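Build out the structure end to end from the sequences listed, making use of the hints.
For the record, the sequence lines run as chains A and B. Using the numbering used here, you'd call the opening residue of the first sequence number 414 and step up by one each time. Using the numbering used here, you'd call the opening residue of the second sequence number 414 and step up by one each time.
I should point out that these hints are in silico values taken from the structure, not numbers from a laboratory. Every value quoted in this text rests on a predicted model; they were computed, and no experiment measured them. Any given hint might turn out to be false.
Chain copies aren't distinguished; within one or between two, either way the pair holds.
[Claimed, not checked] Below, simulated DSSO-like cross-link-like pairs (lysine-lysine); rule was C-alpha separation at most 30 Å, straight line:
| no. | residue 1 | residue 2 |
| --- | --- | --- |
| 1 | 577 | 475 |
| 2 | 623 | 933 |
| 3 | 623 | 674 |
| 4 | 442 | 623 |
| 5 | 580 | 475 |
| 6 | 582 | 475 |
| 7 | 577 | 616 |
| 8 | 582 | 623 |
| 9 | 620 | 674 |
| 10 | 638 | 745 |
| 11 | 608 | 674 |
| 12 | 577 | 620 |
| 13 | 674 | 582 |
2 protein chains.
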Amino acid sequence: RLDQRVTAGLAAWFTQLVQFPITAYLRVKGDPSTAILACKVGVSCCLMSVLVMFEEDYPEIKGLALWAVITIALVYEANIGASLSKGLNRVTGTFLAGALAVFVNHVGPLMGPFHFYFVLLSIFVVTWVPVFLRFGSSLKEHWNYALSMATITAHLLILSGYKKQEKLKMPVARFLMIVLGFLVAAFVNLLVKPKYAGNTLHKLVTKNFKTAADILEQCVESYLKGTELEPVPDILAGRMGGDEVHRMYDEIVMSDTEVDKLMNFVSWEPCHGRFFRGYPWGLYGDITDNLRYTVYTIIALDGCLRAEIQAPQVLRDIFANEMRELGQEVGKVLRILHQSLNEFRTFAISDILQQAEVSALLLQMRLHDNAHRLLMERARTPSVDEFWKLAPGLQYQAVEERTERHRYRPVEPPGAAGDGPGVENGSDNGTSETAGVLPEDGSLSEDDRPGLPKRPGDESPNAQAAWQREFFLRRDSLGRNWDGTLERIGAMSLVKFSSLLIELVAGLKFVVESVDMLSKQARFEGPDLSGDDW
Amino acid sequence: RLDQRVTAGLAAWFTQLVQFPITAYLRVKGDPSTAILACKVGVSCCLMSVLVMFEEDYPEIKGLALWAVITIALVYEANIGASLSKGLNRVTGTFLAGALAVFVNHVGPLMGPFHFYFVLLSIFVVTWVPVFLRFGSSLKEHWNYALSMATITAHLLILSGYKKQEKLKMPVARFLMIVLGFLVAAFVNLLVKPKYAGNTLHKLVTKNFKTAADILEQCVESYLKGTELEPVPDILAGRMGGDEVHRMYDEIVMSDTEVDKLMNFVSWEPCHGRFFRGYPWGLYGDITDNLRYTVYTIIALDGCLRAEIQAPQVLRDIFANEMRELGQEVGKVLRILHQSLNEFRTFAISDILQQAEVSALLLQMRLHDNAHRLLMERARTPSVDEFWKLAPGLQYQAVEERTERHRYRPVEPPGAAGDGPGVENGSDNGTSETAGVLPEDGSLSEDDRPGLPKRPGDESPNAQAAWQREFFLRRDSLGRNWDGTLERIGAMSLVKFSSLLIELVAGLKFVVESVDMLSKQARFEGPDLSGDDW
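Given below as structure tokens:
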């Protein structure tokens, strides 16, 4: 398995290598920022390399100066904050290790015969402590690199200095070289087209609002059109072919991790652009959290499109106008917040929610007004066969049906009450009174189902029968209402959808407040008066 | 800001340093695994250091042998998979860089006067390409370390070999030393109490099922008790003091990132324990995805506990038995899955969902049976004042009220229809006919609200009035149904809660299927027949 992976990896590398100039060119054309970053690193390293190459007559200094080159290559990260953080980690780690090494190498020889063991103990301690701290997660993760760095520098300096006369030169030289490398890297990085974590964070959070608006509007439109989407797990199974909406809300939920990471870096960055000293970066976390909870509600709305129980189109049409309006109003609020962040402009907090709140109220009134129809509308009377697919009551049958091996026919259940008003469904009337659909051929018993684990012997023959008994016992206790049930189940789905939409407005309030707080603390400009189109 | 952070960081370090022995002791007592890992790294490094220290007479070899020590310190990660992956990355990177350096150092001198520029170009290329690949995200992330390693090794070897006679010894020695270090690290790591990513992954996924069962059961119980929790944003604001449930579902949703990370590592691990060669690790991703969608539904359920509109307790009591049973049944299924994973035992797929599905059906029947009560029950008639707090229709007023600066009194809105049946609320009857609550003192106009941005002048005076007009226009168009609306809103919340509960069962099917597939492909044992308690 390992060698397969290595072979595959090397093969992939080789293919990449051959195709590299073309793919690289295409990528650079699409987004030059990575190429620019790579050029910055390359030029910085070359600058330092020139110094190393001119020092060819002083091999000792040359060996040390190499550390400056390597430092440059290592401290460049995707953005300024990460680079500065890593550089300072490296400098700090080197400094601590250097101090320790000087101490060990001075004290060691005084130990006489125990010198060897003292050095060994030091090695153990400088290894044990950082590993313990790194994986024990007591320190913040962004100090991890300093800990690694301290360990390897301490190894290098303690072992190099062992039984040497000159004890101070190497630690000092190494520290200075690493500081030099860091300074060159930071200088070039900040001067030439800097890429700030702050910008990335702001853009990410801003983009999430647009994405949320898009998926919400699309979701409401689909619902009103009566679109049924595949259940989520089918998308998960073949994620690549999955639908766009699903990918989009996954993106927002998971951006939380990315936001947390970027927030670690922004505080290391000098002020730039609109991001002044003391910029309220912490609020981006609140905004993301609040927006995530809005997205959870949108995911629940989306779940209604994928549920097995669906409201009939006639019902949806009754509430279509109010739902559409509410969806559009909420979408509009999200877009206003997007625009506010995008253009660094404030918005009037009381105004932007008003329309959405009025729409929510109107939908509530509409729901109440049509409550009788939600209950009484026999818009779509599923056939008995259909019911057993729709109702979650016997979903494992649906699972079975996927294998297309078993067919079910309605049978007379033992002791069914059968005195209900009857389902309005002519063709199936004979059986719908009982509404019991159970396999005639015993296909639900464990033994002849392929691929399912055999149940232990003593339970197997009676398990299904026992379940049947219990089901009909319970069903009978409900009496005559049973037969009418399923016609109304669809309406529940609609109430849920509406209720979630209304809840969305309640949650939105907090999102709006958090963005509003940011807009004040971050000193956004007043609203743009030239354009009235939002 | 930077210096503040550095100072704070150093201060924190110093405090940690002083308290370190105590905290370390307590932590080791609690969970010795990190301490064991640290000991493994420490011992491995000491072993290699002994070799270095005995080679004191051969300074050149000593310098190179140091690389073996440093390699050991660097390739230890939190688990075997990550360590092996990093080690192979390091070896691969070193090998590629070594080959390249040998080539450059042999071809370079043939260039005559262009030797210098050729070396500089090489430095640029070996820097540019890896940076471009690393941040352009075309390669999988777990090859990143090989790329960094290749860059710095190439720098080291190319610059060290520049204008030197001996060109082959150093690259070869360095490569061998790194391989040696990697082998020692891997050997010790695998032999002494190995900590596998596979175990961690399995435990994480297993634990998520228990957590999901806990939060679901707690959520349903709270709902039936009528508990109202604080809205999520209030928890988010002071996350540390937040409630347990919230932390728990955040944990499950966010464990997705951790699962992805661990899944990168498991394939590098040799078989161990119950995890044989070709173990279906990929299914853990499916299980996590499916469970996450179940948790989204649980979050939506939890949202009902935090909503502003709440179903009256009388209604909840009507459905309490069915809801509780359904909640318990779903919880039971999740616990069976937890136990199945925990004990590596199969379960009978058809049996475990039956009870939950029957409960879902019973709840549906119950809902239908009591549909009239959902609509007609005047269990709790909020006062008009209360309504304006409850209804999301005017939530920004609630925002205002938080500042406790403004008071609102019902006023007669212009042109209100007022011909409704009247809210059953004696004390407020005089005003409830109109049900319009608007500030008397004009406090809703922008200008005297503190902290809110001023609206542009020409809109400000009329904005509120325009909104009022529209609101009452719309409200009038709905006529007499308006006044009865709010009494029934609470019932919608209950329908939503029930509907989500029922949906949970539908989603559970996919979770059960994915765990079932794992149990087969991973060759779990048959169910435990000795205990019948689940």
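Right, here's what the structure says about each hint:
no.: 1; hint: 577 with 475; verdict: both (20 Å within a copy, 13 Å between copies)
no.: 2; hint: 623 with 933; verdict: within (21 Å within a copy, 43 Å between copies)
no.: 3; hint: 623 with 674; verdict: both (21 Å within a copy, 29 Å between copies)
no.: 4; hint: 442 with 623; verdict: within (26 Å within a copy, 49 Å between copies)
no.: 5; hint: 580 with 475; verdict: both (18 Å within a copy, 16 Å between copies)
no.: 6; hint: 582 with 475; verdict: both (14 Å within a copy, 18 Å between copies)
no.: 7; hint: 577 with 616; verdict: neither (55 Å within a copy, 50 Å between copies)
no.: 8; hint: 582 with 623; verdict: neither (57 Å within a copy, 58 Å between copies)
no.: 9; hint: 620 with 674; verdict: both (17 Å within a copy, 25 Å between copies)
no.: 10; hint: 638 with 745; verdict: within (20 Å within a copy, 37 Å between copies)
no.: 11; hint: 608 with 674; verdict: both (15 Å within a copy, 26 Å between copies)
no.: 12; hint: 577 with 620; verdict: neither (59 Å within a copy, 54 Å between copies)
no.: 13; hint: 674 with 582; verdict: neither (38 Å within a copy, 42 Å between copies)
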